[in-house]
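Number of protein chains: 2
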Amino acid sequence: MNKNDNLSEWYHNILEKTDIVDSRYPIKGMPVYRGWGLFMIRKMQQILEEMLEDTNHESVLFPVLIPEDILGKETKHIAGFEGQVFWVTHAGENKLERRLSLRPTSETPIYEMFKLWIRSHNDLPLKVNQSCAVYRYETKHTRPLIRGREFLWNEGHSAHVDEKDARRNIEEIKRIYKKLINDYLCIPFIISTRPEWDRFPGAVDTFAFDTILPDGKVLQIATVHNLGQNFSRVFDIKFEDKKGEHKFVYQTSYGPSFGRLLAALISIHGDDIGLILPPRIAPIQVIIIPILFKESEGEEIINYARMVERKLKRDGIRVRLDNSDERPGAKFFFWEMKGVPLRLEIGPKDLNENKITVVRRDTKRREQIELNNFDINSYFEKITKNLRTTAEDKFRKQFLTADNLDELKTHTGKGIIRTGWCNDRKCAERIEEYANILSVNKKQRRCIICGSDGTEILIAKTY
Amino acid sequence: MNKNDNLSEWYHNILEKTDIVDSRYPIKGMPVYRGWGLFMIRKMQQILEEMLEDTNHESVLFPVLIPEDILGKETKHIAGFEGQVFWVTHAGENKLERRLSLRPTSETPIYEMFKLWIRSHNDLPLKVNQSCAVYRYETKHTRPLIRGREFLWNEGHSAHVDEKDARRNIEEIKRIYKKLINDYLCIPFIISTRPEWDRFPGAVDTFAFDTILPDGKVLQIATVHNLGQNFSRVFDIKFEDKKGEHKFVYQTSYGPSFGRLLAALISIHGDDIGLILPPRIAPIQVIIIPILFKESEGEEIINYARMVERKLKRDGIRVRLDNSDERPGAKFFFWEMKGVPLRLEIGPKDLNENKITVVRRDTKRREQIELNNFDINSYFEKITKNLRTTAEDKFRKQFLTADNLDELKTHTGKGIIRTGWCNDRKCAERIEEYANILSVNKKQRRCIICGSDGTEILIAKTY
Numbered sequence: 001m002n003k004n005d006n007l008s009e010w011y012h013n014i015l016e017k018t019d020i021v022d023s024r025y026p027i028k029g030m031p032v033y034r035g036w037g038l039f040m041i042r043k044m045q046q047i048l049e050e051m052l053e054d055t056n057h058e059s060v061l062f063p064v065l066i067p068e069d070i071l072g073k074e075t076k077h078i079a080g081f082e083g084q085v086f087w088v089t090h091a092g093e094n095k096l097e098r099r100l101s102l103r104p105t106s107e108t109p110i111y112e113m114f115k116l117w118i119r120s121h122n123d124l125p126l127k128v129n130q131s132c133a134v135y136r137y138e139t140k141h142t143r144p145l146i147r148g149r150e151f152l153w154n155e156g157h158s159a160h161v162d163e164k165d166a167r168r169n170i171e172e173i174k175r176i177y178k179k180l181i182n183d184y185l186c187i188p189f190i191i192s193t194r195p196e197w198d199r200f201p202g203a204v205d206t207f208a209f210d211t212i213l214p215d216g217k218v219l220q221i222a223t224v225h226n227l228g229q230n231f232s233r234v235f236d237i238k239f240e241d242k243k244g245e246h247k248f249v250y251q252t253s254y255g256p257s258f259g260r261l262l263a264a265l266i267s268i269h270g271d272d273i274g275l276i277l278p279p280r281i282a283p284i285q286v287i288i289i290p291i292l293f294k295e296s297e298g299e300e301i302i303n304y305a306r307m308v309e310r311k312l313k314r315d316g317i318r319v320r321l322d323n324s325d326e327r328p329g330a331k332f333f334f335w336e337m338k339g340v341p342l343r344l345e346i347g348p349k350d351l352n353e354n355k356i357t358v359v360r361r362d363t364k365r366r367e368q369i370e371l372n373n374f375d376i377n378s379y380f381e382k383i384t385k386n387l388r389t390t391a392e393d394k395f396r397k398q399f400l401t402a403d404n405l406d407e408l409k410t411h412t413g414k415g416i417i418r419t420g421w422c423n424d425r426k427c428a429e430r431i432e433e434y435a436n437i438l439s440v441n442k443k444q445r446r447c448i449i450c451g452s453d454g455t456e457i458l459i460a461k462t463y
Numbered sequence: 464m465n466k467n468d469n470l471s472e473w474y475h476n477i478l479e480k481t482d483i484v485d486s487r488y489p490i491k492g493m494p495v496y497r498g499w500g501l502f503m504i505r506k507m508q509q510i511l512e513e514m515l516e517d518t519n520h521e522s523v524l525f526p527v528l529i530p531e532d533i534l535g536k537e538t539k540h541i542a543g544f545e546g547q548v549f550w551v552t553h554a555g556e557n558k559l560e561r562r563l564s565l566r567p568t569s570e571t572p573i574y575e576m577f578k579l580w581i582r583s584h585n586d587l588p589l590k591v592n593q594s595c596a597v598y599r600y601e602t603k604h605t606r607p608l609i610r611g612r613e614f615l616w617n618e619g620h621s622a623h624v625d626e627k628d629a630r631r632n633i634e635e636i637k638r639i640y641k642k643l644i645n646d647y648l649c650i651p652f653i654i655s656t657r658p659e660w661d662r663f664p665g666a667v668d669t670f671a672f673d674t675i676l677p678d679g680k681v682l683q684i685a686t687v688h689n690l691g692q693n694f695s696r697v698f699d700i701k702f703e704d705k706k707g708e709h710k711f712v713y714q715t716s717y718g719p720s721f722g723r724l725l726a727a728l729i730s731i732h733g734d735d736i737g738l739i740l741p742p743r744i745a746p747i748q749v750i751i752i753p754i755l756f757k758e759s760e761g762e763e764i765i766n767y768a769r770m771v772e773r774k775l776k777r778d779g780i781r782v783r784l785d786n787s788d789e790r791p792g793a794k795f796f797f798w799e800m801k802g803v804p805l806r807l808e809i810g811p812k813d814l815n816e817n818k819i820t821v822v823r824r825d826t827k828r829r830e831q832i833e834l835n836n837f838d839i840n841s842y843f844e845k846i847t848k849n850l851r852t853t854a855e856d857k858f859r860k861q862f863l864t865a866d867n868l869d870e871l872k873t874h875t876g877k878g879i880i881r882t883g884w885c886n887d888r889k890c891a892e893r894i895e896e897y898a899n900i901l902s903v904n905k906k907q908r909r910c911i912i913c914g915s916d917g918t919e920i921l922i923a924k925t926y
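Residue numbers (my numbering), protein chains in the order written: chain A, 1 to 463; chain B, 464 to 926.
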């Protein structure tokens, strides 16, 4: 499996072989999440939810169905989504009186309830989040975890007394997402302000987190929106302030896509052998493989391996002893493909010297060390740091500057290109069009990411 | 809130006041799960999934949508569900070529993939489980957590080489469910074989877990099905055995309803004050309330309370210090209503003597003890045991025997009634009808639960 020659083939192959998703389910854009992939998605979810709960977010779960009249309340919002909505029209033998949509996102149902939950300034800020699937009828080419018709995410929603507090929340969320994406998943990214014509439908401002995959194309992995009072005015979400006046709340909403984060993690860290997983997210962090030369040594080595396994388990490590009948070489191959961060080999020499042989998945470095000196957390830290810096080095090289159209031509498709701009949509479209003309495949989507000062713009091909 | 006079009113009141669910969401039978309730559902899910993973179940997640042709493959199965299915017919502006159902249960989509995943006897047994929402268009009266149109459960599915292994799995699942329901949730139940006319659509045998709510009505909380080869024959799920022959697998499926388990837990353990939660499932296990008489003592007491909080947190206890401006009495009232198992009061006397005052939610008993002698796990065990035995005592009293029709008349509506039977559907219907005629409200559903030997039958009104 050569990753650099054909990322797409490598990616599909690895998803199937390592039990991430099975794309053969008979609905386009709706794969089955399998054990190895689902574990990592739920681990991300758990890490994120803990940080959200620490910042006073309530974890809730809203129904998957939204009545048509509620979904349609905010004009710009529904205009942005209506082409993508799945509609439930019948139940049993009955035609429903009003159509019900599968949620494409949950601003509208959640704010319908915010109206009931918010009475006074004492109820604010109100912050909720839910981890769930959302549904969008994508007509574009679908790609597992990256662009599907059912995808898993966490969405947060907040209401505040004023714009200042809403903006403070946006900064807090950016900090939380940065921690998840960078500290835990080792994925480099940039945060940028989306141009006015590319905002979330109904938002005043949209901030996006983008990373770059090894093929030079950009993947948007999370967004944070400042909704101003756009939704509170149509959903009539008011609070009584300290003076007894009734005012509309200010709102924000935000969400990372767990599928896209997983896709980025797989594509950025993986190699020709298979997955390379950051330790904090890996379903199995340590695989122990006994190396038996003679039958007679078997029992002693297995007992030693079991003792090591128990010791690690006590420390809360996700460890497994592979005691199957396969040859060690086959086991090495399998668990390397699955991306397990550390392999412990335990053979007669290790047993006799009270040592273990430790092999890192990322560097493939092998060392024999005293069992008593084995500091697993220091290994995990080193692996995490190495994955992060390797990915950041690559990311920096994919971050290019074009001072003229020729350079734009050279750089197109190799990452994010920074170039001059006159702070105007037409100008952006010309740049976009120029880059597009230069692309090998005209069907590839482009992407405009605006700098904050209006004098420069970032452009890239995108998933 | 008087629980015994009007269970239904008490129940709805408590769901709203303690943030379990909000039923005001504008679709019938689809409430919003709020923080306090969602935590407990996810805790049950976590406990269950860990036991399932320990018995080699893979955790998967299938799409919520099932194409009509796949849902309809097993004739009896679709006949049992088609009146209850929500149908997606449109997406964006398009009418879909084939209708897609919201899963009412997932035998059909999962077995469509089992066909691809199973090749040889080495792939068996195959056991998967998913925690998800399922959708049924209930035309009956809905009731939050008990009967809804969207409900949360875990469903397990297995495939085996022979019937013996399938039956062995059924026994293992019964053991796992028993552990969740009895050990963790302290809910008493009986397991019975459902009569032939009340089996899961497509099953060879259905085993049901039923509990009794304080109003004498029965609530089915989990089921386990022996599917035989009914599904493997229509979904063409074959394996190659050791002799190279191709055979259809034997299958089982099973699921508890998290909503119903939560409803039972709330209704069975609660009292007029509010919830009483088993420690292992409670979102907050210990609430610490500082008692300040004089302003001057404030800081010292708060520091002492914080020290106790930190100590408990280090031990993995879900603890909160309520340091708000409310009076202690108001705090007691609030956290008792929420069902927190233990309250620690910390006042000047506690501080001076290095003690704490411990108040149990279940018995309301208060004792002052040395902080160094405070063994929290022993408290949790005592509370758990007390909740379990109290519930079991009540349950036994609701388990009645009728030796004649007069006794049947007297007992109807007071629990599960055991009575004679001639092992025949007509006979069961006569008993059922008789009990029904005697019921105050003719609309209440009845329930037949068969004994295993065909000479006796269990009958009850049911939710």
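In short, the hints are calculated from the structure, not lab data.
Predicted model only: the values in this text are computed from it and were never measured.
Positions of the beta carbon are idealized from the N, C-alpha and C atoms, including for glycine.
A few of these clues could be false.
[Stated by the list, open to error] Calculated cross-link-like contacts (lysine-lysine; reagent style DSSO-like; alpha-carbon spacing at most 30 angstroms):
hint, chain 1, residue 1, chain 2, residue 2
1, A, K127, B, K491
2, B, K558, A, K73
3, B, K705, A, K331
4, A, K331, A, K174
5, A, K28, B, K536
6, B, K701, A, K17
7, A, K311, B, K642
8, B, K590, B, K558
9, B, K827, A, K115
10, B, K578, A, K178
11, A, K127, B, K627
12, A, K28, B, K774
13, B, K706, A, K17
14, B, K536, A, K76
15, A, K179, A, K3
16, A, K242, B, K590
17, B, K539, B, K627
18, A, K17, B, K578
19, A, K311, B, K774
20, A, K43, B, K627
21, B, K877, A, K127
22, A, K242, B, K578
23, B, K480, A, K382
24, B, K774, A, K43
25, B, K578, A, K313
26, B, K491, B, K590
27, B, K827, B, K877
28, A, K115, B, K480
29, B, K642, A, K313
30, A, K178, A, K311
31, B, K794, B, K860
32, B, K706, A, K73
33, A, K313, B, K641
34, A, K95, B, K539
[Said to hold, decoys possible] A short list of chain A residues far from chain B (calculated; beta carbon distances all over 10 angstroms):
hint, residue
35, R99
36, P125
37, N404
Hint-by-hint comparison with the structure:
Taking the CA atoms of A/K127 and B/K491, the gap is about 25 angstroms. The hint holds against a cut of 30 angstroms. The suggested pairing of B/K558 with A/K73 holds, with an alpha-carbon distance near 23 angstroms, which does not exceed 30 angstroms. Restraint check for B/K705 and A/K331: the C-alpha separation of about 24 angstroms stays at or below 30 angstroms, so the hint holds. For the given pair, A/K331 sits about 41 angstroms from A/K174 by alpha-carbon distance, which is inconsistent with the 30 angstroms threshold.
For a cut-off of 30 angstroms, the pair hint linking A/K28 to B/K536 stands: about 20 angstroms separates their Cα positions. This hinted pair checks out: B/K701 and A/K17 have alpha carbons roughly 22 angstroms apart, not beyond 30 angstroms. Restraint check for A/K311 and B/K642: satisfied, since their Cα atoms lie roughly 27 angstroms apart, inside the 30 angstroms limit. For the given pair, B/K590 sits about 36 angstroms from B/K558 by alpha-carbon distance, which is inconsistent with the 30 angstroms threshold.
Proximity of B/K827 to A/K115 is assessed by CA-CA distance (about 38 angstroms); at most 30 angstroms being required, the pair is judged violated. The hinted pair formed by B/K578 and A/K178 fails the criterion: a straight-line CA distance of about 42 angstroms is larger than 30 angstroms. For the given pair, A/K127 sits about 52 angstroms from B/K627 by alpha-carbon distance, which is inconsistent with the 30 angstroms threshold. Among the hinted pairs, A/K28 with B/K774 is inconsistent with the structure: their alpha-carbon atoms are about 52 angstroms apart, more than 30 angstroms.
A threshold of 30 angstroms between alpha carbons decides the hint, and for B/K706 with A/K17 the separation of about 28 angstroms falls inside it, so the pair holds. Of the supplied pair hints, the one linking B/K536 and A/K76 is violated, its CA atoms being roughly 42 angstroms apart against a limit of 30 angstroms. Distance restraint check for A/K179 and A/K3: the Cα-Cα separation of roughly 28 angstroms lies within the 30 angstroms cut-off, and the hinted pair is therefore satisfied. With a C-alpha separation of about 58 angstroms, the suggested pair A/K242 and B/K590 falls outside the 30 angstroms cut-off, and the hint is violated.
Of the supplied pair hints, the one linking B/K539 and B/K627 holds, its CA atoms being roughly 24 angstroms apart against a limit of 30 angstroms. Of the supplied pair hints, the one linking A/K17 and B/K578 holds, its CA atoms being roughly 17 angstroms apart against a limit of 30 angstroms. Straight-line distance between C-alpha atoms of A/K311 and B/K774 comes to about 25 angstroms, which keeps the hinted pair within the 30 angstroms bound. The suggested pairing of A/K43 with B/K627 is violated, with an alpha-carbon distance near 36 angstroms, which exceeds 30 angstroms.
With a C-alpha separation of about 44 angstroms, the suggested pairing of B/K877 with A/K127 is violated against the 30 angstroms cut-off. Under the criterion of a C-alpha separation no larger than 30 angstroms, the hint pairing A/K242 with B/K578 is inconsistent with the structure, at around 64 angstroms. Proximity of B/K480 to A/K382 is assessed by CA-CA distance (about 49 angstroms); at most 30 angstroms being required, the pair is judged violated. Between the alpha carbons of B/K774 and A/K43 the distance comes to roughly 27 angstroms, so the proposed pair stays at or under 30 angstroms and holds.
Of the pairs offered as hints, the one joining B/K578 and A/K313 is violated, with about 36 angstroms between alpha carbons and a cut-off of 30 angstroms exceeded. Only pairs whose Cα atoms come within 30 angstroms are accepted, and B/K491 paired with B/K590 is rejected, the gap being roughly 34 angstroms. Between B/K827 and B/K877 the alpha-carbon distance is near 29 angstroms, which keeps this suggested pair within the 30 angstroms criterion. The suggested pairing of A/K115 with B/K480 holds, with an alpha-carbon distance near 17 angstroms, which does not exceed 30 angstroms.
The straight-line distance between the Cα atoms of B/K642 and A/K313 is roughly 23 angstroms, inside the 30 angstroms bound, and the hint therefore holds. Between the alpha carbons of A/K178 and A/K311 the distance comes to roughly 33 angstroms, so the proposed pair goes past 30 angstroms and is violated. Between B/K794 and B/K860 the CA atoms are separated by roughly 35 angstroms; this puts the pair beyond 30 angstroms, and the hint is violated. Among the hinted pairs, B/K706 with A/K73 is inconsistent with the structure: their alpha-carbon atoms are about 64 angstroms apart, more than 30 angstroms.
Using a Cα cut-off of 30 angstroms, the hinted pair A/K313 and B/K641 holds, with the two alpha carbons roughly 26 angstroms apart. Distance restraint check for A/K95 and B/K539: the Cα-Cα separation of roughly 24 angstroms lies within the 30 angstroms cut-off, and the hinted pair is therefore satisfied. Not every C-beta of chain B lies more than 10 angstroms from that of A/R99, the closest at about 8 angstroms, which undercuts listing it as non-interface. Here A/P125 stays apart from chain B, with its beta-carbon at least about 15 angstroms from theirs, past the 10 angstroms limit.
The claim that A/N404 is not at the interface with chain B holds, since no C-beta of that chain comes within 10 angstroms of its own (minimum 41 angstroms).
In the structure shown, a violation is registered for the earlier hints numbered 4, 8, 9, 10, 11, 12, 14, 16, 20, 21, 22, 23, 25, 26, 30, 31, 32 and 35, in ascending order.
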